[in-house]
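In case you want the letters, here they are:
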Amino acid sequence: MFVTAMSPLLVYASGPFPLTRVSLSMASARQTDPSPEPPRVQEAPSVVAAVDMGASAIRLVVAEANAAHEPRVIEEATRGVLLGKDTFSHGKLDAATMEATLKALEGFRRIMDTYGVVHYRAVATSAVREAENCDTFIDRIRLRTGLEVEVIDGSEENRLTYVAVRSALAGHEALVEGDALLVGVGGGSGDISFLRKGEPIHSGIYALGSVRLRQSLSSYHGSHEQKVRLLRRQIHNVVEDIRREMPLREARHFIALGTHLRFAAERISGETHSTAHGLEIPKAPFLAFCDQIMADDTERLVERERLPQAEAETLVPALLACRELLVETAAEKIVVPEASLCGGLLLELTRVEQGHGIEDFRRQVLASASALGEKYRYDVSHARNVAHLAMRLFDQMRPEHGLSDRHRLLLEVAALLHDVGIYVNLKGHHKHAEYLLSVSEVFGLSREDMTIVACVARYHRRATPQKSHLTYMSLDRDTRVGVNKLASILRLANALDADHLQKIKDVRLSFEEGTWVVEAEGAGDLTMERLASLSRSDLLTEVFGRRIAFREGPGRI
Amino acid sequence: MSPAAKTRKKEPELFFNRELSWLAFNGRVLEEAMDTSSPLLERLKFAVIVASNLDEFFMVRVAALKHDVDEGDTAPDSAGLTPGQQLTAISQRAHEMVERLYKGIADEILPGLASHGIRMLPVGDLDTAQRSLLARYFADEVHPALTPLAIDVSRPFPHLASLSLNLALLLSPPNEGEPPRLAVVQVPGRLPRLVRPPGADGNTYVFLEDVIRAELPTLFPGQTLLESTVFRISRDAEMELDDEGDTGNYLEVLEEELRKRRRSRTVRLEVDAGVSDTLLARLTERLGVDADDVYRMRGPMDLRALAGLVELPSLEHIRDAPWKPVAVLDPADMEDPFAVLDQRDILIHQPYESFDPVVQFVARAAEDPDVLAIKQTLYRASGDSPIVQALARAADQGRKQVTVLVELMARFDEQSNIRWARELEESGAHVIYGIRGYKTHAKICLVVRRGRQGIRRYVHLGTGNYNERTARIYTDFGLMTADQDIGEDASAFFNALTGYSDPPRMKKLAMAPTTLRDRFLRLIERERRRAEAGQAAEIRAKMNSLVDEDVIRALYDASRAGVKIRLNVRGICCLRPGLKGASETIEVVSIVDRFLEHARVFYFRNGGDEEIYLASADWMPRNLDRRIELMFPVESKELQQKVMSALDSMFLDNVKSRWLQSDGSYKRRKPGKGEEPFRVQLHLYREAQRTLERARASAGITFEPLDGGR
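For the record, the sequence lines run as chains A and B. Residue numbering for the first sequence follows my numbering, beginning at 1 and increasing consecutively. Residue numbering for the second sequence follows my numbering, beginning at 1 and increasing consecutively.
Treat the hints with care, since some could be wrong.
Unchecked claim - Derived BS3-like pairs (lysine-lysine); straight-line CA-CA distance at most 30 Å:
#1 Lys507(B) / Lys103(A)
#2 Lys333(A) / Lys507(B)
#3 Lys467(A) / Lys427(A)
#4 Lys92(A) / Lys283(A)
#5 Lys333(A) / Lys580(B)
#6 Lys283(A) / Lys197(A)
#7 Lys103(B) / Lys667(B)
#8 Lys507(B) / Lys439(B)
#9 Lys508(B) / Lys580(B)
#10 Lys673(B) / Lys564(B)
#11 Lys103(A) / Lys670(B)
#12 Lys10(B) / Lys673(B)
#13 Lys508(B) / Lys103(A)
#14 Lys427(A) / Lys333(A)
#15 Lys431(A) / Lys505(A)
#16 Lys283(A) / Lys564(B)
#17 Lys103(B) / Lys508(B)
#18 Lys505(A) / Lys467(A)
No lab work stands behind these hints: they were computed from the structure.
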């Protein structure tokens with residue numbers, strides 16, 4: 001079934017078929033209750049669709065699938081529309097670009113209607129997200145085509161791409177052994193993840209989008225060679241930034257996505273190996289091909305390679321970005337899987353009955369969070385102990401707090417990282433944590449998610465949330481309530497390891513006469529913990545209206 | 001223009017001029033008209049084809065060359081001839097051709113028909129009673145439709161429609177010493193050209209222009225008629241659409257263009273052979289035609305009027321026995337073609353095999369509630385086409401998506417196409433009126449159906465139009481398949497055409513103008529490389545015309561490397577075969593027989609891993625660059641064999657085959673001593689019959705046990 005706790009059902013009556021947007025975004029995932037529906041019996045596979053509005057093109061993929069089968073693509077359509085050209089040069093989408101996009105989407109809608117597509121996801125990335133007139137544009141799309149487009153942020157893009165790659169490269173060495181760099185150069189950004197045995201431990205969005213790079217040079221009137229040199233320098237600087245955050249040298253595998261890579265693979269077809277997992281381009285011919293392509297300006301590329309203008313314009317920046325990253329790694333070849341953002345959307349659309357969304361990626365998110373913790377030299381034993389206790393508390397308080405699995409995951413991340421501020425200074429480290437976390441990337445978590453994590457971490461000690469706290473106040477009311485609840489749990493969990501010695505292994509919660517009794521299972525003297533628990537339950541009492549009693553469990557040694 | 005076109009050197013000795021090659025083709029059709037061993041009505045049919053072919057040739061090709069000359073274009077073609085030189089050569093050969101044609105018409109065919117009771121009589125040969133009845137007919141029916149126009153300074157020469165018949169006459173001047181006055185009477189196109197004189201027996205006719213001519217004095221009472229002649233003009237029909245125009249008004253633009261067509265320049269004047277120099281001079285001056293453009297006809301003009309005679313009933317003895325197409329699907333399979341396609345592909349070789357399964361394919365799709373969408377190209381659909389009607393029915397229900405690309409640019413068929421387009425649109429289909437800058441020549445029909453196993457696509461792809469009438473006289477191949485890759489390509493093709501997507505990368509199909517040219521060149525080059533590597537390399541191909549210079553050069557390169565190349569080119573062939581150091585391994589044969597050879601087949605040996613393709617495109621620049629075309633593979637071994645046995649038999653013909661020589665002439669191949677005559681079309685017809693009988697025999701023998709009547 002498509003309708004789950006996480007997905008509000010949106011039905012539009014326009015057009016012959018009502019369309020249901022299956023929303024998976026974090027923002028809309030909050031505050032929805034599970035709406036249990038009887039499972040639908042489906043004999044024939046159902047047809048779903050994914051629309052990706054990128055910076056240089058919009059794409060539609062229609063596929064059919066049922067629970068038992070991988071999605072089978074039945075139709076694809078692409079329209080080159082340079083949304084990014086507008087946004088990245090003057091901050092908003094022009095009327096002509098919007099009209100061209102609307103026209104193309106009308107066509108997509110017609111294709112979807114042919115198959116009676118009901119379930120779909122349409123997403124827009126940075127080119128729309130960063131446009132001043134983003135909201136108006138999304139509204140016009142809804143009015144003209146009935147399509148409900150979600151604007152997703154980079155982390156969601158990263159996660160969806162990862163979903164697609166994980167499926168396309170299932171069993172491939174790049175996901176099984178050692179480290180791999182996963183590079184997706186889109187029009188608006190370069191989405192880069194560092195994978196260890198297939199798990200993303202670092203990920204980030206970087207200014208390597210091909211349209212963006214190209215646009216940044218548009219006002220420069222030099223020769224083609226000068227432009228390329230400038231472009232290389234620009235890319236080089238970004239790659240330097242990435243190197244500071246990820247151990248690029250350790251990557252033995254290089255996985256790259258994007259139409260430009262596939263184009264390159266086709267052109268060096270003599271050297272390219274086609275495997276069950278996709279294409280593999282050896283390093284040397286790829287570098288040679290890049291050098292050759294760089295020598296041509298756009299006009300020559302259009303004529304010689306018979307490329308559409310839009311593709312030719314972004315080919316050089318995209319390949320250069322890949323090239324500069326490749327040479328920083330230890331990889332000897334590029335793996336180009338049959339994977340894309342649309343592919344990730346389809347996988348999630350068709351596997352929805354197994355649950356979906358970021359909480360399904362707990363392992364990857366936590367791996368990435370731990371990598372961040374290591375970066376700030378956190379006390380890993382304390383962090384894990386607190387996280388464990390926080391989870392125990394969260395689970396046992398479910399009937400009281402009514403929060404979702406997603407909140408659970410954010411709490412777990414906050415618990416792991418609550419002490420990173422110590423890296424800056426022990427004094428006021430909760431405030432340093434807030435700052436560090438609000439600008440850090442954790443795989444799969446959106447900016448808003450990270451803001452929540454930052455706030456929860458901040459309130460692990462000292463002051464409780466105040467109206468004068470800017471970050472906290474930037475959240476909407478519902479989110480703030482969520483932060484209060486999570487922070488109250490974290491404060492208690494942290495108090496239970498006040499000595500940083502992990503004396504308490506487990507915690508049980510019982511409710512006796514209006515009081516929560518915290519029963520700690522552990523060894524040694526728990527006086528510190530008892531005192532801390534009582535004083536740090538202030539927020540808990542404030543939020544839930546319950547008093548707290550501390551009791552040492554019967555199993556204590 | 002192809003990228004190679006800009007850089008290639010001129011080697012006129014390697015190419016034939018396309019116009020002269022076309023005239024040679026029409027000459028081969030004329031041979032059929034002159035073949036005394038053929039039944040008379042068949043000869044008449046070929047004579048009509050020769051004449052109407054010439055009409056189109058003048059209106060399109062000659063007109064274009066004249067336009068080039070007017071523009072001062074003196075660039076030689078690949079054969080080294082300037083437009084002016086081409087026009088001179090064309091005029092000379094066209095005059096010879098008309099001479100031969102009318103020798104056949106006036107001296108052999110019409111007298112021959114007369115001996116079988118089909119008579120074209122001059123009015124003078126009728127008896128008095130018949131003549132007075134004819135005068136009545138003139139007064140009642142014809143006269144009201146006439147507008148006699150005297151021409152003088154104040155009254156300019158009227159605008160006469162292209163290909164219409166007219167009478168020009170000279171009247172004596174009112175004042176002595178002045179030149180005779182010129183007058184024109186248009187022969188009404190709405191009235192039947194062949195008039196049956198009352199009281200005459202069934203197959204006696206008088207030409208309408210003769211009826212008018214006999215009554216001319218009544219049209220100009222009180223004036224002295226000095227002379228009269230029938231004449232016919234051909235105008236430039238070349239259309240130039242304004243690409244900057246608004247697409248929304250494309251239909252109006254086209255209708256306007258059709259109206260304008262009537263006003264454009266005169267490129268040919270046909271007159272009675274006996275016309276006086278005075279009258280002819282007056283006409284040529286008024287029409288602005290050169291002496292080279294004047295054709296003196298010694299027989300009836302506009303032979304199209306005689307086409308109806310070919311179909312006359314009860315003249316079987318002077319007509320070929322009909323060759324009935326056989327059914328490739330048995331009645332049960334016809335009920336559910338989709339079920340058949342779930343099992344196997346179907347290949348139809350028209351007209352030996354019936355086109356009905358294709359009509360049924362669309363008709364079933366229209367009715368089937370599981371069908372989600374039907375998408376089709378329509379180029380030269382026939383008048384009351386059952387396919388168009390099925391599409392309209394499907395659209396009418398409102399539950400299916402029906403997308404039809406109607407090609408409005410199909411030459412000379414625009415009027416009828418506009419009507420279909422409007423009708424379809426009214427019934428709710430999504431009609432696309434062509435693609436800007438390109439003619440859609442691809443023949444494809446896609447049916448999307450929701451089956452128990454999910455979405456399935458069924459595709460028909462053909463080398464010929466969705467026209468059940470021409471499907472009985474044009475030889476074509478059509479493939480029906482449920483192949484998944486072809487289905488996806490078909491969807492992608494329509495998405496590109498409807499503007500929903502940019503032109504896609506295709507898995508199995510190749511599409512012009514995007515990839516087809518490259519694909520052909522690469523396929524030819526691959527054979528060349530195999531030959532160079534010492535492998536046996538071979539290309540066999542069949543098409544209507546071979547003009548494209550890049551392709552021809554690629555073939556020469558392949559030939560130089562030793563690739564064996566056999567080409568069956570029905571019409572124009574600019575490739576010069578048998579040239580030392582260029583085309584020694586290339587043979588070209590043309591078949592002109594009762595059916596119009598129309599299929600496009602391409603075979604590449606590919607080192608033993610043979611590839612066979614069918615296509616809507618010829619090897620012509622217009623197909624590869626200016627049209628939307630499709631090429632598709634035939635992949636099943638069984639169907640490959642079917643295609644190849646038909647293609648290979650083209651080269652065995654020794655009755656209707658003409659082999660192109662390196663000097664540009666065509667030589668007929670006759671059966672050698674002790675050799676049986678082999679006429680390929682007859683052979684294919686018999687093969688089709690035999691296959692059907694075999695299938696019936698193997699399916700027909702069933703044993704039914706008797707159970708004693710209980």
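Now the hints, each set against the structure:
1. Lys507(B) / Lys103(A): This hinted pair holds, its Cα atoms lying about 27 Å apart.
2. Lys333(A) / Lys507(B): 26 Å, holds
3. Lys467(A) / Lys427(A): Measuring from Cα to Cα gives roughly 22 Å; hence the hint holds.
4. Lys92(A) / Lys283(A): 38 Å, violated
5. Lys333(A) / Lys580(B): Answer violated: Lys333(A) to Lys580(B) is near 49 Å, above 30 Å.
6. Lys283(A) / Lys197(A): 22 Å, holds
7. Lys103(B) / Lys667(B): Answer holds: Lys103(B) to Lys667(B) is near 22 Å, not above 30 Å.
8. Lys507(B) / Lys439(B): 23 Å, holds
9. Lys508(B) / Lys580(B): Violated, at about 37 Å.
10. Lys673(B) / Lys564(B): 27 Å, holds
11. Lys103(A) / Lys670(B): With a Cα-Cα distance of about 62 Å, the restraint between Lys103(A) and Lys670(B) is violated, given a limit of 30 Å.
12. Lys10(B) / Lys673(B): 44 Å, violated
13. Lys508(B) / Lys103(A): 29 Å, holds
14. Lys427(A) / Lys333(A): Since the Cα atoms of Lys427(A) and Lys333(A) sit roughly 48 Å apart, the hinted pair is violated (cutoff 30 Å).
15. Lys431(A) / Lys505(A): Holds - the C-alpha atoms of Lys505(A) and Lys431(A) are around 28 Å apart, at most 30 Å.
16. Lys283(A) / Lys564(B): 41 Å, violated
17. Lys103(B) / Lys508(B): Distance of about 51 Å is beyond 30 Å: violated.
18. Lys505(A) / Lys467(A): The given pair, whose Cα atoms are some 36 Å apart, is violated under the 30 Å limit.
In this structure, the earlier hints numbered 4, 5, 9, 11, 12, 14, 16, 17, 18 are contradicted, and the remaining ones agree with it.
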